[in-house]
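There are 2 protein chains.
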Amino acid sequence: MEMSNPYNQDLDKNPANYVPLSPLSFLERTAVTHPHLTSVIYNEQRFTWEQTYLRCKQFASALHQLGVGEGDTVSTMLPNIPAMYEAHFAIPMTGAVLNTLNTRLNAQSLAFMLDHCDCKVLLVDTEFADLIEQTVALLQVATPVIIDVEDSYHAGGRLIGQYEYETFIASGDDQFHWQLPNDEWNAIALSYTSGTTGNPKGVVTHHRGAYLAAMSNVLAAQMPAHAVYLWTLPLFHCNGWCFPWALALIAGTNVCLRRVDVNVILEQIRLHRVTYYCGAPIVHSMIADAPDSLREGINHTVHGLIAGAPPPTSVFTRMEHIGFNLTHVYGLTETYGPAVGCAKQPEWADLSVAERVARNSRQGVRYHLQQDVAVLHPKTLQPVPWDGSTLGEIMFRGNLVMKGYLKNPSATAAAFKNGWFHSGDLAVVDPDGYMRIRDRAKDVIISGGENIASLEIEEAILLHPAVSSVAVVAMKDDKWGEVPAAFVELRPQAPAVSTEELHQHCAQHLARYKLPKKYIFGELARTSTGKVQKFVLREQLHEK
Amino acid sequence: MEMSNPYNQDLDKNPANYVPLSPLSFLERTAVTHPHLTSVIYNEQRFTWEQTYLRCKQFASALHQLGVGEGDTVSTMLPNIPAMYEAHFAIPMTGAVLNTLNTRLNAQSLAFMLDHCDCKVLLVDTEFADLIEQTVALLQVATPVIIDVEDSYHAGGRLIGQYEYETFIASGDDQFHWQLPNDEWNAIALSYTSGTTGNPKGVVTHHRGAYLAAMSNVLAAQMPAHAVYLWTLPLFHCNGWCFPWALALIAGTNVCLRRVDVNVILEQIRLHRVTYYCGAPIVHSMIADAPDSLREGINHTVHGLIAGAPPPTSVFTRMEHIGFNLTHVYGLTETYGPAVGCAKQPEWADLSVAERVARNSRQGVRYHLQQDVAVLHPKTLQPVPWDGSTLGEIMFRGNLVMKGYLKNPSATAAAFKNGWFHSGDLAVVDPDGYMRIRDRAKDVIISGGENIASLEIEEAILLHPAVSSVAVVAMKDDKWGEVPAAFVELRPQAPAVSTEELHQHCAQHLARYKLPKKYIFGELARTSTGKVQKFVLREQLHEK
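Chains as they are written, first to last, in the working numbering: chain A, 79 to 622; chain B, 79 to 622.
Quick caveat, the hints were computed from the structure, so don't treat them as lab data. Be aware that a few hints might be false.
Put simply, identical chains are the same to the list, so a pair is met inside one copy or across any two.
[To be verified] Lysine to aspartate or glutamate pairs mimicking DMTMM-like chemistry, simulated, CA-CA at most 25 Å apart:
#1 91 to 262
#2 91 to 450
#3 485 to 90
#4 91 to 261
#5 554 to 621
#6 91 to 148
#7 91 to 471
#8 557 to 398
#9 495 to 262
#10 485 to 88
#11 595 to 555
#12 495 to 88
#13 495 to 90
#14 612 to 555
#15 595 to 537
Make the full structure from the sequences, and use the hints.
Pasting the structure below:
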């Protein structure tokens, strides 16, 4: 039957009509078509697209000379500086996989990740020299080659590696003949996610997905050619939601930002006429709350993508008032960052601010290039009615879904059960088909844009000898969105433990941003079968 | 080696993370996310995206009931009316291939095509009833099922088929469970191109390419969400350059247009605030040349894509003056329509009109999603220097290149020789990397946006007993861009033949638009080996 289909005969793929999809192609095209436009700005540094491409080829060539290639992992411990942008191209150009480490993690977590991914080369900003030295001391598998990245705009820090970044890339060939992946399904990046249980999981994404996610961002954000984009979102967060590649596609300008500081943000927006940026609610809140004087001279429309913990209605309202245009998006590391967006219906423009904000602050609808996003009954997989009240689990299906978890087939199989990627987030669907998240995956706390697994905090607290049970839940916080709050049951015969003592204990085991902001001692609410009822704890928390 | 790569282990494709790329997905998404926005306008008719999707599902279901499926061809003989838009989705939804016939062809050409593609079902606008009856009488392979499409805005015409379109689709199920292709390489469309030699070739395109071409159009045209697009370009021309699918992607509005009439065009632009349209230079010329009164009330910016014969500098200049924003694009049926575009550099905005037009009227650079377009020495395949004067052949490589020619492996192999698709068009590259076509593929005449193969005209003329040799070349024409001009050598002993007699002879064999507009009798310029030198003939023509 198949054989008799004339449309499949003598019409095969060949080098002229088939090329694997890869976002690396975007950089090459833009370097050729817009060589003199500005690619990257960082304080007084400026690069053109031609320069960025040449530097990336040099960087890739130097890595290649080190023996880096397909199947290898190159990790970064970098803030949003030009080297981090270049890493998003140069590392995959060698065939290797880019692993961006969260710079806020502690040595234990980092060591787990570097061991798990067999990190071969590690780029380290000098700010993190001490932390990485501690990390390396903990490694059990292999010690990576370390390349120090010196940032002339950052004082302090030390050189701890075998190479210095600029010297290293200068040793490479700017005419290096890099290759596209031979298969678009090849891995491009590895991002560790702090799941709700156990060790971090390594989300593996591929070239095809990164290509399509970048494009889908352009459509969702309605980014025109040559948009100027400010890097408020950490590039280490699911590859900056794939925006590094989107900016290369549209020949835009990347304005780097070492740390989130509202004065600097608004200065950069004014100075470079920034039109786009992304971030957690806290970034947008800072901008909205800044004194008017800081926003003086910004007379153009600035567009922001916002994703994060609870539907930040207040942020939307404030941003409307100062004329910033926010679009709500939603996704997970497993979906290349955002894969749902609150697409604005033209008729919303005529609503009152309050009505419009109510619509805009929802998670929304599937991204243009995500095949399907649905809110399904977790067991039956039937779609919930569009009634704004029936809870279901958000599930994804399509090309903006990861390959799976590295070296973790059971977690991969669980995530993809029944042909859907299970987000673990619970939502309702409004009558117009727009999703609203009602409950985050039970155990994740999203603080300042960072996912914190409550389990990790619980495990740390349980190390204290006086503690018998613990449950950590998210507590609303004006600044951070959410912060952890710990409900603690002490052992009956144990000596009294003070909040201060428990906090000191936690500080020995957890990164600072994961520390609970509140400790409540007492018996935990449980079901008849003894399971802790976190939703009751949350209610207790907010009643107080 | 491959086996030891952890990024390829237990990380396979599955239904949750891999979906074949197909532009059909765009329609489904937009029907769900923007159900009430207007999809199609035709005079007083209006459809929403929800309605269009339901109608397409019904249409696909009805075709499925007829037995249409994978490997089958469904042809259309339709102007730019809603049924033609729907055909771009409904036919591929069945797994079948859409073959859009050029409504300006004659019965002989049409019969060749319908036989060649084993057309199973043919949609016919009543205007073409007579022509299709003649065509069907010539068929040698199989007679297709004919579905008449009645257009209430067109008087005249007859019903000749077994079904009437609205009744036919009403017989289908609007909840039809259509399937995406199981392979994105599956054919989506078949378009016959009038090549320079012999019979028309059937260009086969696939779902993956149509998906990427649609997206690449959005990027090249900078079409925002919900753009309003006027169908001045025939949908039968390489599927309207893939814009039907692009409009579904951005949830835009299609304004249908039965025939190109400048009064109607400007009326529709004003009435529906049309912001985008495409076409051959003649369409844009008409708009530019229209009396100012016809453009009254059009106060918004209208963006046009222009492709066609000679670099139409004058059209660009006139359009600048009336405030229409033109972008030059270039491509072939084999490249899904445009795959090169004259991307505007921001600094051009500061140039004088003449300088800007000189830059804008070039063919330009590769499309965002076309991997590579280069001007190469036809033999050595080395890139020509970017000197604005060295001629080479434009060649394409990437995902916006056809599968090949249907049932024509030798033509397919020739087109893809050495890993490039050979356009046959000769160009130079300016120092900024922008291509300029200097000579069309030797034998093609582009008249009012239609490709006319000179060989076909030559063959018709040679049927006249008095003619011994003939060469047809393009002659510049203010209205049509180019028209055919015939250089004719008569047999030495033959009786004299008048221009009028030869023209009558041609009219019996050729479609009206292919008829030469000038006949020059005399000896043909030839090389020493006897080959006709067309470039000399062209010079003679323009000296006269």
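- Item | Alpha-carbon proximity between residue 612 and residue 555, which holds within one copy, between copies, both or neither at 25 Å | within (18 Å within a copy, 79 Å between copies)
- Message: When Cα atoms must be at most 25 Å apart, do residue 595 and residue 537 count as within-copy, between-copy, both, or neither?
- Response: Answer is within; shortest intra-copy Cα gap is 16 Å, inter-copy 87 Å.
- How would you label the pair residue 495, residue 88 (within, between, both, or neither) given a Cα cut-off of 25 Å? between (38 Å within a copy, 14 Å between copies)
- When no copy is specified for residue 91 and residue 148, does a C-alpha distance of 25 Å or less occur within a copy, between copies, both, or neither? both (24 Å within a copy, 19 Å between copies)
- Message: If the cut is 25 Å between Cα atoms, do residue 554 and residue 621 qualify within a copy, between copies, both or neither?
- Response: within (12 Å within a copy, 82 Å between copies)
- Query: At most 25 Å between C-alpha atoms: does residue 495 with residue 90 qualify within a copy, between copies, both, or neither?
  - Reply: between (34 Å within a copy, 14 Å between copies)
- Task: Tell me, please, which holds for residue 557 and residue 398 at an alpha-carbon limit of 25 Å: within, between, both or neither?
- Result: within (19 Å within a copy, 51 Å between copies)
- When no copy is named, should residue 495 and residue 262 be tagged within, between, both, or neither for a Cα gap of at most 25 Å? both (24 Å within a copy, 24 Å between copies)
- Query: Given a CA cutoff of 25 Å, do residue 485 and residue 90 count as a within-copy pair, a between-copy pair, both, or neither?
  - Reply: between (34 Å within a copy, 12 Å between copies)
- Status of residue 261 relative to residue 91 across identical chains (alpha carbons, at most 25 Å): For residue 91 and residue 261, the Cα distance is within 25 Å both inside one copy (13 Å) and across copies (12 Å).
- Item | Alpha-carbon proximity between residue 91 and residue 471, which holds within one copy, between copies, both or neither at 25 Å | between (39 Å within a copy, 22 Å between copies)
- Are the CA atoms of residue 485 and residue 88 at most 25 Å apart within a copy, between copies, both, or neither? Answer is between; shortest inter-copy Cα gap is 8 Å, intra-copy 40 Å.
Figure legend: structure checked against the earlier numbered hints; every hint is met.
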